[in-house]
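J.: Chain by chain, the residues:
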Amino acid sequence: MEGVNLMKRTLPLFLAFFFGLIGIIVQMVPALKGLLDTMLDWMAIIAAFALAVGISSLTRHHMTKIRRKHKDIFFSYVTFIAMFFMTIIGLVGYFRPEGALQGLFENMYNYVRVPLDASMFALLAFYITSAAYRAFRARTWLATVLLLAGVIVMVGRVAFGPFIIFNDITAWIMKVPTTAAMRAVNVGIGLGIVATSIKIVLGIERSYLGGGE
Amino acid sequence: MKTPWYEKIMSLDKKVLYVIMFVVVMIPLLARWTYNPAVMPEVKDIYDEIEGIYTYNQSHPDTPQGILLSFDYSPSTNAELDPMTMSVLRHAFMRRIPVITWAAFPDSIDLAKNITTFIAKEYGAVYGKDFVFMGYPYPMTAAVIAFGSDVRNFLVKDFYGNLSTALPLLNKIYNYKSIGLIVTVSGTSYPRFWVTYANTLYGKKIATGTTAVSAAEFYPFLQTDQMIGMMGGLRGAAEYEKLVQALETQVIGEDIGSYLRNLYNDAPEGVWDTKIYTPGFSEEELQSHLSTRMSARTGMASQASAHFYVIFLIILANLGFFLSRRAENKR
Amino acid sequence: MMLFWYTIAVLLSLAIFSFLWKDNPLYKFAEHLFVGTMVGYQVVMVFSQIIMRKIVDPITVAFDNSQILTLISLVFATLIGLLFLARFSRKAEWVSRYPISITVGFWSGYAIVASFKTSVLTQIRGTVVDDLGQPLLNGHLIGDFFKNPSLKTLDLATAGPLLVFGVIVVLVYFFFSVKHDHPIIKFANKPALFYLMIGFGASFGYTFMGRISLFIGRMNFIFNEWWPLFKQTIGG
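Protein chains in written order, with this note's numbering: chain A, -13 to 199; chain B, 1428 to 1758; chain C, 22 to 257.
Okay, chain A solo, but in the shape it has when bound (with noise of 0.2 Å):
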C-alpha cells in the first residue's frame, strides 16, 4: 500500500517540486541557458503527446454519442462524416500538398468551417441587445452610473459631427476610472497566479493530479 502511494501520489508531488525548482532557478541562473533549452523541448515533446490525447478523447466523445442512438441521430451522423471527411483530405492533403485535396480541404476551411464559427458568434449580437432591452434598469444608483458609464462609451466608440464630445470623455473614461479598477483586478489576478503556482511546487495544490488515490 504503501508502495502504491509512493508512486501514484508522493513521486508525482516530488516530480512537480523538482521541476518548480528548476522552472525558477533558470530564469535567475543565466549559465543554465542549455538547461532552459533542454527544457523547453521537453515541455514541447510532452505537451505534443497531452495536445493529441485530448483530440483522441474529443473524436472518441463524439463517436460515442453518434452510437448512442437517439432521435435526432441523423444530425450525429453529419458530424460523423464532417469529421472523417476533413480528417482524410486533410491527411492525404499533408502528404500531397500540390494534389487538389489539399484545396479541399482548404476551401472546407476557408467555406464551411470559418463562416459557421464566424455566424455562430454573429448570434451574440442580437442576445446582447434583446438582453440590454429586457435587464438594463436603472434601479439603484449603482446601476445607473453603470447604465450611464456604458452608454457615454458606446456613443463615444462611434462619435462624429455633435457627438465628438463623447469621444474624449470616453477616453478619459478608459484612462482613468476604467485603468483604476481593472488594475486592482490585475494584482488580484497577479497576486492569485503567484500563489497558485507556489502552491502548487509545494505540493499544497493537488487538483491537477486528478481525483483518485
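Worth flagging that the hints you see were computed from the coordinates, not collected in a lab.
Please note that the accuracy of each hint is not assured.
Once the Cα atoms are required to be at most 20 Å apart in a straight line, the calculated PhoX-like pairs of lysine-lysine come out as [to be verified]:
1. C:Lys200 <-> C:Lys211
2. C:Lys173 <-> A:Lys161
3. B:Lys1540 <-> B:Lys1702
4. B:Lys1604 <-> A:Lys161
5. A:Lys57 <-> C:Lys173
6. B:Lys1604 <-> B:Lys1556
7. C:Lys211 <-> A:Lys(-6)
8. C:Lys43 <-> B:Lys1442
9. A:Lys19 <-> B:Lys1540
10. C:Lys211 <-> A:Lys57
11. B:Lys1441 <-> C:Lys112
12. B:Lys1471 <-> B:Lys1442
13. A:Lys185 <-> C:Lys138
14. B:Lys1757 <-> B:Lys1429
15. C:Lys49 <-> A:Lys51
16. B:Lys1556 <-> B:Lys1702
17. B:Lys1442 <-> B:Lys1429
Residues from chain B shown here face chain A by an in silico Cβ test under 8 Å; the list is partial [as the list claims (entries may be wrong)]:
18. Ser1503
19. Asp1537
20. Thr1719
21. Ala1731
Using N, Cα and C, we set each Cβ at its ideal position, and we do this for glycine too.
With chain A held as given, fit chains B and C onto it using these hints.
T.: The following block gives chains B and C in isolation, referenced to the frame of chain A:
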C-alpha cells in the same frame, strides 16, 4: 383593462428587435457609408513604432529589425481582428520590414497562413527572405521563451516543412535582439501572456490588437508602458486602416488597383515560390484585395447605427420602467 | 469556382441565423457540420503541426546532424510523453500523473517571478509613477491648473490622484481577510463600487461593440463580397 403603452413597450417580442437590428446594420453596408475615425494616441503609437523600425532598417540594412506578428485568435472573432492583422501586415510589407508570423491555436493556422500570404502577395514579398510563417508554435510559452536565445532550435521547421536554418530571414532574425516589435492580435487574454513573458523577462515592446470585449482589461498595461499601443475592436482596426491607407497613398499612389494589376508584369521567373502564392491577380482577387482595405471603416458605419439603435432601446425600456413604477406607486 | 464556395459560406451563415427565428433542422444541420469540420480540422493540424513538427522533426533533425546528446534527451522526453497514453486505461490512468506533474510543476515555477513582476510590481509602480518617471500625485500639476485653469490642465492635475485613489479603494474593497465593518473598509466601499460600476459599464459598452462587430463582419461578407461576385458572375 387596457395595457398601457409603456408596458407594451417593455414586453416587445425579441423577433421585432432582431429584425430592426438587421435593417439598421444592413442599410449602411448597402449604401457603402464609411466612417472616418479620429485616430487615438494608443493606435498612433503602434504606427509610429513600426515607422521607427523602418527608419532604423534604412540605416542598418545588414542588421534589420523584424516584426513578430502572432495570430492569437480563432476564426470566431475574425470580423474584428482580420482588418487589424491585414493593416499591420500591409504596413510592414510596404516598408520592407521582415515579418515572422505564427498562429496561437490549431484552429487559426490556415487563417494566419491565408492572411499572411494574401497581404504578402500585394507587395511581392518573397517567402523565406521577406516573411516566414512558422505555423503553430506549441506550446506557445516555450516558443516565446525560446525566442530569447534561438528560436530555430525550438522551431526546427516552418509550417511548410522548410528547415528553419535554411530560411535566410531566420538566419538574420532568430532571437529577440532582432525583433523590433511583437504584435499580438487576440480575442482572449493572450496579450497578458505576451506581457508576462516577452516584455517582463526580455524587455520586448508589445503592441496589441484586441477585440472590444477584451480591450478594457489591457488599459492598465498601456498606462505602465508594458504595452506600447493597442487597437481596440473594430474602431481600432478602422483607425489603423486609415493610417496605413494614407501611407500607401504617399508611397504607392492613389490608384492601388493599377499598382496591383501591374505588380507582376515583367517580373523575373522563379523569384516567388508558387507553393506560397501565384504571382498575379485575377479580377475577382483584385476586388477582394481592394475591398479589404476598407472593411473596418465600412463596418464602423453599421456599428454607429447599431449603437444608436441600442441606446434608443435602452432609453425606451427605462422610460417604460420608470412610468410603470410610478403607476405602481400611485396604486 | 469562387462563387460556388462563397455561396456555400453564405447559405451556411443564413442557416445559423435561422436559429433567431426558431430552432429548426437547417440550423441543427449547420451546427453539427461545424462540430464535425472543426474536430476533423483539429485532428489534421495536431498530426501535421504537433506530432510531426514537435516530436518527429526534432528527433530526425538531431539524428541527421548526429547530435547524440540532444537525441537522447528528445527520446527520453518522448518516453515520458508516451506515459500520457495511460489515460486510456482505467487501471493504469495514474501513470499519466508523471508527465502532468513535470509540465505543471515546471510552468508553475517559471510563472512565479514573471507573473509577480508583471501583474503586481509593475502595476503598483504604475500607480506611483507614470511611464516617464513622474509621480502621479504631482502638486506641480495642481498648481498649473490654478495658474492656467482649463480642461486640459484639470485633466492632467486630477488624472493621477483619481487613478491612485481608485486603485487603493478597489484593492481595499476586494480585501476579504479583514472584517468588512472596519472603518477604512466601510469608507472605501462606496467609492470602490463607483469605480467598479464605471469600469464595468465601460466594459459593457466595449462588449456590445465587440458582439455587433461580429455580426457586421458576416453581413459585410454577404453584401459586399458575395453579392458583387454573384452579380459579376451571373451578369457575365
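J.: It remains to establish, for every hint, whether it holds in the given structure.
T.: Here is how each hint holds up against the structure:
The suggested pairing of Lys200 of chain C with Lys211 of chain C holds, with an alpha-carbon distance near 16 Å, which does not exceed 20 Å. For the hint pairing Lys173 of chain C with Lys161 of chain A, the CA-to-CA distance comes to about 14 Å; that is within 20 Å, so the pair holds. Our distance criterion of 20 Å between C-alpha atoms is met by Lys1540 of chain B and Lys1702 of chain B, whose separation comes to about 12 Å. Of the supplied pair hints, the one linking Lys1604 of chain B and Lys161 of chain A is violated, its CA atoms being roughly 32 Å apart against a limit of 20 Å.
Taken as a hint, the Lys57 of chain A and Lys173 of chain C pair is broken in the structure, with Cα atoms around 66 Å apart against an allowance of 20 Å. Of the supplied pair hints, the one linking Lys1604 of chain B and Lys1556 of chain B holds, its CA atoms being roughly 18 Å apart against a limit of 20 Å. Simply put, Lys211 of chain C and Lys(-6) of chain A have alpha-carbon atoms about 50 Å apart, too far for the 20 Å limit, and the pair is violated. Simply put, Lys43 of chain C and Lys1442 of chain B have alpha-carbon atoms about 10 Å apart, close enough for the 20 Å limit, and the pair holds.
Straight-line distance between C-alpha atoms of Lys19 of chain A and Lys1540 of chain B comes to about 32 Å, which puts the hinted pair past the 20 Å bound. For the hint pairing Lys211 of chain C with Lys57 of chain A, the CA-to-CA distance comes to about 54 Å; that exceeds 20 Å, so the pair is violated. For the given pair, Lys1441 of chain B sits about 52 Å from Lys112 of chain C by alpha-carbon distance, which is inconsistent with the 20 Å threshold. With a C-alpha separation of about 41 Å, the suggested pair Lys1471 of chain B and Lys1442 of chain B falls outside the 20 Å cut-off, and the hint is violated.
Between Lys185 of chain A and Lys138 of chain C, the direct Cα distance comes to roughly 18 Å. Compliance with the 20 Å bound is thereby established for this hinted pair. Simply put, Lys1757 of chain B and Lys1429 of chain B have alpha-carbon atoms about 17 Å apart, close enough for the 20 Å limit, and the pair holds. Distance hint between Lys49 of chain C and Lys51 of chain A is fulfilled; the C-alpha atoms sit about 15 Å from each other, no more than 20 Å. Straight-line distance between C-alpha atoms of Lys1556 of chain B and Lys1702 of chain B comes to about 15 Å, which keeps the hinted pair within the 20 Å bound.
Pair hint Lys1442 of chain B plus Lys1429 of chain B does not hold up; C-alpha atoms about 23 Å apart against a cutoff of 20 Å. The beta carbon of Ser1503 of chain B comes within 4 Å of a beta carbon in chain A, closer than 8 Å, and the hint placing it at the interface holds. Annotation: Asp1537 of chain B was flagged as interfacial toward chain A, and the flag holds, the nearest CB pair being 5 Å apart, inside 8 Å. Interface restraint check: Thr1719 of chain B against chain A, minimum CB-CB distance 14 Å, threshold 8 Å, status violated.
For Ala1731 of chain B, the interface hint holds, since its Cβ comes within 8 Å of a Cβ in chain A; the closest pair sits about 4 Å apart.
When held up to the earlier numbered hints, the structure conflicts with 4, 5, 7, 9, 10, 11, 12, 17 and 20 and fits the remainder.
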